[in-house]
Amino acid sequence: MITNRKRLSSGLSVTSKVFVRSRNGNALKIVREHYLRNDIPCYSHACHKCQEIVKPDAQGQLPKFILSSSPTKTKDGVSHYVVIDTNIILHAIDLLENTQCFYDVIVPQTVLEEVRNRSFPIYQRLRNLVKSEDKRFVVFHNEYNEATYVNREKGQSINDRNDHAIRKVASWFNSHLNTENSPTPIHIIFICNDVDNCTKAKQEGIDARSLVDYIDSLPNGEDLRDLIPSDIVLPGNFEGDQNETVFPEYYSNARIMAGIKNGTLYQGMLNISSYNYLQGTVSVPAFKKPLLIIGSKNLNRAFNSDSVIVELLPKDKWKEPSSTIIEEGSIGADDNAGDDEDDLGEETGGVVSDKERVFLAQEAMKATSSKTNESRLQPTAKIVGVVRRSWRYYVGQIAPSSVSEETGHSSRSCFVILMDKLLPKVRIRTRKAKEYLGQRIVIVVDSWPSNSRYPNGHFVRTLGEIESAEAETEALLLEHDVEYRPFSKNVLDCLPKEGDNWVVPDMTDPQDPQLKKRVDLRDRLVCSIDPPGCVDIDDALHARVLPNGNYEVGVHIADVTHFVKPNTALDQEGASRGTSVYLVDKRIDMLPMLLGTNLCSLKPFVDRFAFSVIWELDENANILKVDYMKSVIKSRQAFSYEQAQLRIDDPTQTDELTNSMRVLLKLSKKLKQGRMDAGALNLASPEVKVHMDSETSDPQEVEIKKLLETNSLVEEFMLFANISVARKIYDSYPQTAMLRRHAPPPATNFETLNDMLNVRKNGMSISLESSKALADSLDRIVDPNDPYFNTLIRIMSTRCMMAAEYFPSGSYGYPEFRHYGLAVDIYTHFTSPIRRYCDVVVHRQLAGAIGYENLDLSHRDKQRMEMIVKNINKRHRNAQFAGRSSIEYYVGQVMRNNEAEHEGYVIKCFNNGIVVLVPKFGVEGLIKLETMGDLATANYNEDKYELTFTDLKGAQRTVAMFDKVTVDVKSVKDEVSGKRRAQLMLR
Amino acid sequence: MELYSPEGLRIDGRRWNELRRFECKINTHPHSADGSSYVEQGNTKIICMVRGPMEPAMKSQVNATSSTVEVNVSLANFSTFERKKRSKTDKRITELKTTLERTFNECIMGHLYPRTLISVTVQVLAQDGGLLAAMTNAVTLALIDAGIAMYDYVSGVNAGLYDQTSALLDLNTLEENDMCSLTIGVIGKSEKLALVVLEDKLPLDRLESVLAIAIAGSHRIRELMDMEVRKHGNMRLAKVSV
Amino acid sequence: MSRSIEISENQRKFLLESLKHGFRLTDRPFDHVRDISLYLSPTEYGYVEVSWGKTKLACRVTATVTTPYEDRPFEGIFTINSEISTMASMRFDTSRSNEEILIARIIEKAVRRSNSLDLESLCIIAGEKVWEITVDLNYLNYDGNFIDVGCFAVMLALHHFKKPDISINGNSIVVHDINERQPVPLSILHIPICLTYSFYNLTDKESNIKGEDADEICLLDADLLEELNRDGSLVITLNKNRELIQLSKNGGLPISAQQFLELTFKSMKTIDQLTDLIKTKIKEHEELRYKTENFKLLEASADR
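Residue numbers (my numbering), protein chains in the order written: chain A, 1 to 987; chain B, 1 to 242; chain C, 1 to 304.
Accuracy of the hints is not assured; some may be wrong.
As a list, the in silico BS3-like pairs of lysine-lysine whose alpha-carbon atoms are at most 30 Å apart [to be verified]:
hint	chain 1	residue 1	chain 2	residue 2
1	B	Lys85	C	Lys56
2	C	Lys129	B	Lys84
3	A	Lys586	C	Lys283
4	A	Lys669	A	Lys706
5	C	Lys240	B	Lys189
6	A	Lys516	A	Lys565
7	A	Lys586	A	Lys565
8	C	Lys240	B	Lys91
9	C	Lys283	A	Lys489
10	A	Lys382	A	Lys355
11	A	Lys73	A	Lys168
12	B	Lys45	A	Lys29
13	A	Lys944	A	Lys920
14	A	Lys49	A	Lys154
15	C	Lys296	A	Lys586
16	C	Lys13	A	Lys489
17	A	Lys497	C	Lys162
18	B	Lys88	A	Lys6
19	B	Lys231	A	Lys6
20	A	Lys870	A	Lys928
21	A	Lys6	B	Lys59
22	B	Lys25	B	Lys88
23	C	Lys54	C	Lys13
24	A	Lys6	B	Lys25
25	A	Lys382	A	Lys317
26	C	Lys210	B	Lys25
27	A	Lys497	C	Lys296
28	B	Lys91	C	Lys210
29	A	Lys317	A	Lys706
30	C	Lys210	B	Lys189
31	C	Lys281	A	Lys489
32	C	Lys291	A	Lys489
33	A	Lys565	C	Lys296
34	A	Lys603	C	Lys56
35	C	Lys266	C	Lys283
36	A	Lys908	A	Lys761
37	A	Lys29	B	Lys231
If you anchor each label on the Cβ, the simulated ranges turn out as follows [unchecked claim]:
hint	chain 1	residue 1	chain 2	residue 2	range
38	B	Met58	C	Thr203	50 to 56 Å
39	C	Glu293	A	Leu657	40 to 46 Å
40	B	Met58	A	Ser9	45 to 51 Å
In case anyone wonders, no lab produced these hints; they're calculated from the structure. Predicted model, so just to flag it, every value in this text is computed and none were measured. Heads up, the beta-carbon is just placed ideally off N, CA and C, and yes, glycines get one too.
Please put together the full structure from these sequences, using the hints given.
Here you go:
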């Protein structure tokens, strides 16, 4: 490269920088001006000359001279400055930030630019070191300094030229400080780990040392030696292939179909482990245990809940599920988001990062070193195709470390960390990265090319500041795919024109033929019992004594299907939303408020349409007769659970209504006993209620929900009604009746729990022979010293259960209709049509079964029913998770004011941490080993489920499954995800 | 790349208040035009040619009291780093053209040349930031070379604001793409602005500092242009008085 | 061929004399804007009509789904079309004069280049489908100052407009009718307002250039007569956050830097007023719509 320098003035000359950049496959020649100057100071206090050549910057400030005139000395008493090379910074940035060493360091501009290209987060840390001034780091712009500028020689590679430039800096400083300008000689030490570079430097008369040599030469070198990061050495035969720059391509469709047909490939849904983001499982019917997928290469760009195709690995590659907690933050923290503009051909290191390889290698070594129990090995597979992506709108926030300080106009790449911890970071390009910091934003994932470590996406909109109530609520709803936007105009047209003024029409009106089929039950003493403050009243009850001594009991449900006709916009909206969602402070309706809280709601003192189930029961609550009818009722009173309980218990109340309530209570107890005898399960979940301050609506206190007898009263009759209706509609529509089932839990689900009980609690176990056996064995698992233990086991058992699901009756045989938890042979949901779409369908089917009106075709067609069922199952799940997240968030807020010590129980053990459940708040938290004690001394005994380590005070400590522990509960805000969560510290 | 490092150096090594290399020549096309000039500001290279005062081609251009200035701007296809075809009626070109026409209409002593047309052709060979400023300078020099009477030089330069704090003088393309740029045309040694164009956002409170450095830069450019004109003048004088 | 509007010498001199004595022909203060009247369509989203005095124009916003530019795969497309037909004035004809192009260019710089509409939020599927928002300005009557009125109308229409809701299924998208799902307003980041100042030189050119005193008269919002007689103009675009969006002084009468700075600072007051006008008008309109169309019944979330 021939230099064509032009002198502009005595201090300034200009040359040109010419290079070729490739963009989209085209090669472009870029020519830029490059000014060389001689007024760049050396920033050393020891230098006299440079003080005179400095010029002020845009703010009028002169550059500060930082390098000390009496810098630190080596062991041999030599005061020195350090010139540092790129790789040292990239690998040992922590050591550079350490306050015990590395003062007076010169960073050449060439090195700074290389670091910026390779890892933006590390570049930012370096810049912060320079800014803070106490470590006395300076950046020396050698590229612009006339004396230190080097040209690329013919045949020289870019890297060699850069190395030459860096060496020139060292030699320039040497001559500048020692022969010309300063009184005391200051030695320049050039630190570089590259052997080649070091040799060349020594030839040029520069004192070049490797990092280890330099540290050794310091007075406190002994202490620092351990902090030097060891070079990454991979064990010899790890995974073999060197070509890790791309993910393996997915198999073609033809190959996949053939594979599935002949049984070599399997399809299933991917579940990423919540504690180890590099591990996932896929359940396939062919294998008892779910297939294990370990490592990002085998996960091959699949997201959590994607529908994937897997291929089994050969048996020698099978592994056991990891017992280590691996979080994405620890591995991917230093990765670069962008393809920088001036990429001069640096490799990005492939799709599998070095850190990940180290972790996996460690795991592999552990597996081979310890005596691996054969039974722990699980069939391991790799993902070779994705059938359906589960991509949707995701909520996240921009990772602060991937955004630079400058506010430019050009668009930059940055990382977005998603709220859902099971998903990877997503790379987006935006012009306004800096403005979005600290806000929750919504993004969409576009693609994950095989040569990229992270998926690509784009920005959709912003929700607001992190931790502001609106942003958090919206984020929660979006994350759980809950439709919360207002209903459309078309829906409005489906509502009755009278709106709020609608009343039940005159029953004797001859115009409406349907009205004749309704039964007038307004003379019955109907009342409703619901949670306090409830405005959408679905159900009401009545009871009376018949002349023959038996009881007539009626359950009346809001007649929603009178207003929601099939194939209308209103119906479609309801079907799509599937269910109402209950958050702590908000309710998202499935149907417009007009219906839910007024026209359908069985409010007291007004006539309302209802769908009624009337039984004739004997003393022992046996069914003698059952009738279903559309009716008109008038509720006499709307009670809360407490009010109803007080009324029943008050002996002075002897009016007919109260007496009928007592009858209901008596019968409900009989019903409950009957269910328990049949083997119904009584499982506990840590449900809590948050009390808000009435004035400021700040969360104040958390209360565990208490159950009264009246809760049980309503529950029993609702169950009773559901069962009766289920039988009726199955009878009329054996192929398409909307039912609900609960499969029995497979034995494998309980294996681990039973093993743990066996080992830790001396042979206690949970029997799975039948639901009755399960219930009884659960009753027997008691710790005489700890009454809560039984509840704890019940909570853990709930998690081993299968989820209940809706299904059309034609999909399974009669034995599969069984609802395990309730111990009934057939079941459905009928009693809450205002907030569940399943109940709307059941109402229509029941109306058809009793001949009230024709059942719409869509509810008689099996395909359509399958689609409806799939949707409502999904929505039901999402609503549950959303409700739980909302509680979690508010509990987190309450804990802000309530930081204290609480009791907890260990419910999971890993080799680098434990999970503790705190019953008072119903939350569980992960406690990492680093916060409890010394990581190096940890020993996890998998067979005995106990973790031994040396704690922070130096004492030996053991924690194991089911242990009761004391924890400090704090509410902390995760800086990266912005989520507030409970942080537990073991005492 | 750091556009303005904390040590005070920009992406090409200049400081905040330094102009790029400014070079100009006049009378570069003595045979094809009445007045011509060639200006290089950094890597932005412009040729300008002036013909006139002459008889206007269209009757509509006849102005009874003053001369009419017509400017034609042409951006070469190879002038940016990616080859791009430009049409003559591109909106941006029209805007530049109109701006130059109106600016010089005010500065030329038009009343001395009534009913005539002065035709200016600006040819852009390379663009690297500061296009309008360089064009203004080129046109000024070409008009001087053509001997058309003007009240004073019109010198142009652009300046920008980096990161809401630091004003930078004479931006190149990389800097222009990333921050706001203010182009001004200053009349002579005064502080009168003939031309002000700001594209992209600039906080109102920072306008003054950016304007100040831009005016200082324009004055410096005027000096450089003046030096070249006088040098050229002396050279021609020397040739004549042999 | 467009006929230029001819002003007689007498009219011209009369105008300049009255300016010299400190008042405009319409008896408006020098730094006041004319009376503004706005009309927002109650039936469709995105149609507005704006009048400043006698200058009137109509503005309509439409949205379609299209493929994005290749080099900007994650941004939507936003274009502003302005057409001045002879309906506005005899001065304009079917061929695009420089005047028109300048007006269009300034409005484009003010609204489009300054990113007042967030293009990133218009992306549907990156690289494949994005929203293309087109704004059509139709100038109905010309009485001076198309730039300011045009920019104001564009911002008002963008606030008024709502785009249809969409849902994405894998790689195909479904655009919902406005009756099927409530339409979504656009994401507008800031509101740029243009103000045009016109300059008049009362002395001759030489003393203007060489002289020290700033003797020029400066008017805000010139009407037709004033515009045809001016010696120079300056368009300042600001938003409420005290950010200068653009400045255009395309030649014309030179003014001193001092006076220039003063003008920019003075403009803030008018900018604030006009921005507030847009916001209140839109808010009023929304409330009216809410009432007349019974939106309350369609709310889906409620406090517990």
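Structure-based check of all given hints:
1. B:Lys85 - C:Lys56: violated (38 Å)
2. C:Lys129 - B:Lys84: With a Cα-Cα distance of about 26 Å, the restraint between Lys129 (chain C) and Lys84 (chain B) holds, given a limit of 30 Å.
3. A:Lys586 - C:Lys283: With a Cα-Cα distance of about 26 Å, the restraint between Lys586 (chain A) and Lys283 (chain C) holds, given a limit of 30 Å.
4. A:Lys669 - A:Lys706: Given that 30 Å is the threshold and the Cα spacing comes to 18 Å, the pair holds.
5. C:Lys240 - B:Lys189: violated (35 Å)
6. A:Lys516 - A:Lys565: holds (19 Å)
7. A:Lys586 - A:Lys565: holds (27 Å)
8. C:Lys240 - B:Lys91: holds (28 Å)
9. C:Lys283 - A:Lys489: holds (21 Å)
10. A:Lys382 - A:Lys355: Given that 30 Å is the threshold and the Cα spacing comes to 21 Å, the pair holds.
11. A:Lys73 - A:Lys168: Roughly 23 Å separates the two Cα atoms, so the pair holds.
12. B:Lys45 - A:Lys29: holds (18 Å)
13. A:Lys944 - A:Lys920: holds (28 Å)
14. A:Lys49 - A:Lys154: violated (36 Å)
15. C:Lys296 - A:Lys586: The given pair, whose Cα atoms are some 17 Å apart, holds under the 30 Å limit.
16. C:Lys13 - A:Lys489: Violated: Lys13 (chain C) and Lys489 (chain A) sit about 61 Å apart, past 30 Å.
17. A:Lys497 - C:Lys162: Since the Cα atoms of Lys497 (chain A) and Lys162 (chain C) sit roughly 27 Å apart, the hinted pair holds (cutoff 30 Å).
18. B:Lys88 - A:Lys6: The given pair, whose Cα atoms are some 36 Å apart, is violated under the 30 Å limit.
19. B:Lys231 - A:Lys6: Holds, at about 20 Å.
20. A:Lys870 - A:Lys928: Since the Cα atoms of Lys870 (chain A) and Lys928 (chain A) sit roughly 39 Å apart, the hinted pair is violated (cutoff 30 Å).
21. A:Lys6 - B:Lys59: violated (50 Å)
22. B:Lys25 - B:Lys88: holds (27 Å)
23. C:Lys54 - C:Lys13: Measuring from Cα to Cα gives roughly 23 Å; hence the hint holds.
24. A:Lys6 - B:Lys25: Holds, at roughly 17 Å.
25. A:Lys382 - A:Lys317: holds (11 Å)
26. C:Lys210 - B:Lys25: Judged against 30 Å, a Cα distance of about 27 Å means the pair holds.
27. A:Lys497 - C:Lys296: holds (14 Å)
28. B:Lys91 - C:Lys210: violated (34 Å)
29. A:Lys317 - A:Lys706: violated (51 Å)
30. C:Lys210 - B:Lys189: holds (10 Å)
31. C:Lys281 - A:Lys489: holds (24 Å)
32. C:Lys291 - A:Lys489: holds (14 Å)
33. A:Lys565 - C:Lys296: Within the cut-off at roughly 22 Å; holds.
34. A:Lys603 - C:Lys56: violated (56 Å)
35. C:Lys266 - C:Lys283: Holds - the C-alpha atoms of Lys283 (chain C) and Lys266 (chain C) are around 27 Å apart, at most 30 Å.
36. A:Lys908 - A:Lys761: Status holds; Cα separation ~15 Å.
37. A:Lys29 - B:Lys231: violated (36 Å)
38. B:Met58 - C:Thr203: 50 to 56 Å: violated (32 Å)
39. C:Glu293 - A:Leu657: 40 to 46 Å: holds (44 Å)
40. B:Met58 - A:Ser9: 45 to 51 Å: holds (48 Å)
Checked against the numbered hints listed earlier, the structure breaks hints 1, 5, 14, 16, 18, 20, 21, 28, 29, 34, 37, 38; every other hint is satisfied.
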